[in-house]
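Chain order of the listed sequences is A and B. So for the first sequence, the numbering used here puts the first residue at 273; every next one is plus one. So for the second sequence, the numbering used here puts the first residue at 1426; every next one is plus one.
Heads up, some of the hints might be wrong.
[Said to hold, decoys possible] Derived Cβ-Cβ restraints for the label pairs, each shown as a range:
1. A:L292 <-> B:A1460: 33 to 41 Å
2. A:F286 <-> B:E1480: 52 to 60 Å
3. A:L411 <-> B:D1481: 46 to 54 Å
4. A:T326 <-> B:G1431: 23 to 31 Å
5. B:A1573 <-> A:Y285: 52 to 60 Å
6. B:D1521 <-> A:A407: 46 to 54 Å
7. B:E1500 <-> A:Y285: 39 to 47 Å
8. B:W1525 <-> A:A403: 46 to 54 Å
9. B:E1554 <-> A:A374: 32 to 40 Å
10. A:G296 <-> B:K1558: 50 to 58 Å
[Said to hold, decoys possible] Every beta carbon over 12 Å from chain A, so not counted as near; a handful from chain B, in silico:
11. S1478
12. L1485
13. Q1517
14. P1531
15. H1575
[Said to hold, decoys possible] To spell it out: a stretch of chain A is covered by chain B in this simulated footprint if at least three of its residues, at any positions, have a beta carbon under 8 Å from a beta carbon of chain B; those stretches are:
16. 315–324
17. 331–339
Think of the hints as simulated: they come from the structure by calculation, not from any bench. Don't be surprised by glycine CBs; every beta carbon is placed ideally from N, CA and C.
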Amino acid sequence: MSGALLRVISNKYFIFGLRLVLGGVFIYASVYKIADPAAFAKSIYNYRMMPEATINLMAIVMPWLELVCGVLIIVGPLMRGSALLMGLMLLVFVVAIGTALARGLDISCGCFKVGDAAGRLVGLKTLIEDALMLAAVGLILAFGGPSFNLKRAVRSDAARAD
Amino acid sequence: MRAILGSAAREAVILLVVGAVAGLAVNALREDGVALVAEPDAFRVRTNAEFVSTEDAWELYEQGNAFFIDPRGAEAFAAEHIEGAINASPTQGGVDSLAWIAAADPYVIAYAAVGSQRQAGVLADKLLEAGFKKVTVLLDGLEGWKRAGHPVEGRTAGGEPR
Chain A
273 MSGALLRVIS
283 NKYFIFGLRL
293 VLGGVFIYAS
303 VYKIADPAAF
313 AKSIYNYRMM
323 PEATINLMAI
333 VMPWLELVCG
343 VLIIVGPLMR
353 GSALLMGLML
363 LVFVVAIGTA
373 LARGLDISCG
383 CFKVGDAAGR
393 LVGLKTLIED
403 ALMLAAVGLI
413 LAFGGPSFNL
423 KRAVRSDAAR
433 AD
Chain B
1426 MRAILGSAAR
1436 EAVILLVVGA
1446 VAGLAVNALR
1456 EDGVALVAEP
1466 DAFRVRTNAE
1476 FVSTEDAWEL
1486 YEQGNAFFID
1496 PRGAEAFAAE
1506 HIEGAINASP
1516 TQGGVDSLAW
1526 IAAADPYVIA
1536 YAAVGSQRQA
1546 GVLADKLLEA
1556 GFKKVTVLLD
1566 GLEGWKRAGH
1576 PVEGRTAGGE
1586 PR
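My request is simple: use the sequences and hints to build the entire structure.
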């Protein structure tokens, strides 16, 4: 990897930008799911991957994990744990969407809106988006530092300039 | 990296507990909370019609006794549908256009893809209201039919729709 690219992807402001984007996406994604867990359960069911008995529990817990991780990856505390958990969730999404595509299912992805006919259908675009977010999680884990926060970074930059 | 992942994993466990507790607590408190374990068939499409399994539908199909009706949009239908199926929207107009098959009194099997099975339920109910007697909904939809290796046709199925 070239030195310039490494400098960019390990830059603390770049990493903070990734955290903002990922956190924003996860918080936004959690809102519809928290508002309507029954519809989200139906979205999960449509993938036909999980035993029916486990679907409601997943629909109850997963949106809250998205919300908590989305907030904490921006704010800072438990940032690495949030990134790891987001990475695991994204991995599940990638596998689910990939297998749905392979099986030719024309279902709503359940990403931002939930229910039978809501939101975007699963497709290559949703798969690529999730894969890109997964890559962003990797960068955050590798270069995010234990508890980077923007205020502290700006302060330290100002101190260095002095 | 191993140390980073180790601390991230510890944080992720904490977050998992926090997310699970928050989700379960809110679900228990809200009026529209869902059961932790879904009832059997809870995700099945709501309809007054009977359901028919893929195997039974195939038997009727082989006997020349089944009439498949696909309520999805014209584009999805043209891309792929059960061999011999006809396309009809789940509206009054769509049902009226099927009056010509009523005289033969066949088993009418409404089906759709996994993510749009609700349309099949709506169509089946409208057919029952219109006086059709032997109306069923294909339980596992188009996906179950394909999974069993039964014939489909259409643009993406390697043939032209009839």
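Cross-check of the supplied hints:
{"no.": "1", "hint": "A:L292 <-> B:A1460: 33 to 41 Å", "result": "holds (37 Å)"}
{"no.": "2", "hint": "A:F286 <-> B:E1480: 52 to 60 Å", "result": "holds (56 Å)"}
{"no.": "3", "hint": "A:L411 <-> B:D1481: 46 to 54 Å", "result": "holds (53 Å)"}
{"no.": "4", "hint": "A:T326 <-> B:G1431: 23 to 31 Å", "result": "holds (28 Å)"}
{"no.": "5", "hint": "B:A1573 <-> A:Y285: 52 to 60 Å", "result": "holds (55 Å)"}
{"no.": "6", "hint": "B:D1521 <-> A:A407: 46 to 54 Å", "result": "holds (53 Å)"}
{"no.": "7", "hint": "B:E1500 <-> A:Y285: 39 to 47 Å", "result": "holds (45 Å)"}
{"no.": "8", "hint": "B:W1525 <-> A:A403: 46 to 54 Å", "result": "holds (49 Å)"}
{"no.": "9", "hint": "B:E1554 <-> A:A374: 32 to 40 Å", "result": "holds (38 Å)"}
{"no.": "10", "hint": "A:G296 <-> B:K1558: 50 to 58 Å", "result": "holds (54 Å)"}
{"no.": "11", "hint": "S1478", "result": "holds (15 Å)"}
{"no.": "12", "hint": "L1485", "result": "holds (24 Å)"}
{"no.": "13", "hint": "Q1517", "result": "holds (20 Å)"}
{"no.": "14", "hint": "P1531", "result": "holds (27 Å)"}
{"no.": "15", "hint": "H1575", "result": "holds (14 Å)"}
{"no.": "16", "hint": "315–324", "result": "holds (count 4)"}
{"no.": "17", "hint": "331–339", "result": "holds (count 8)"}
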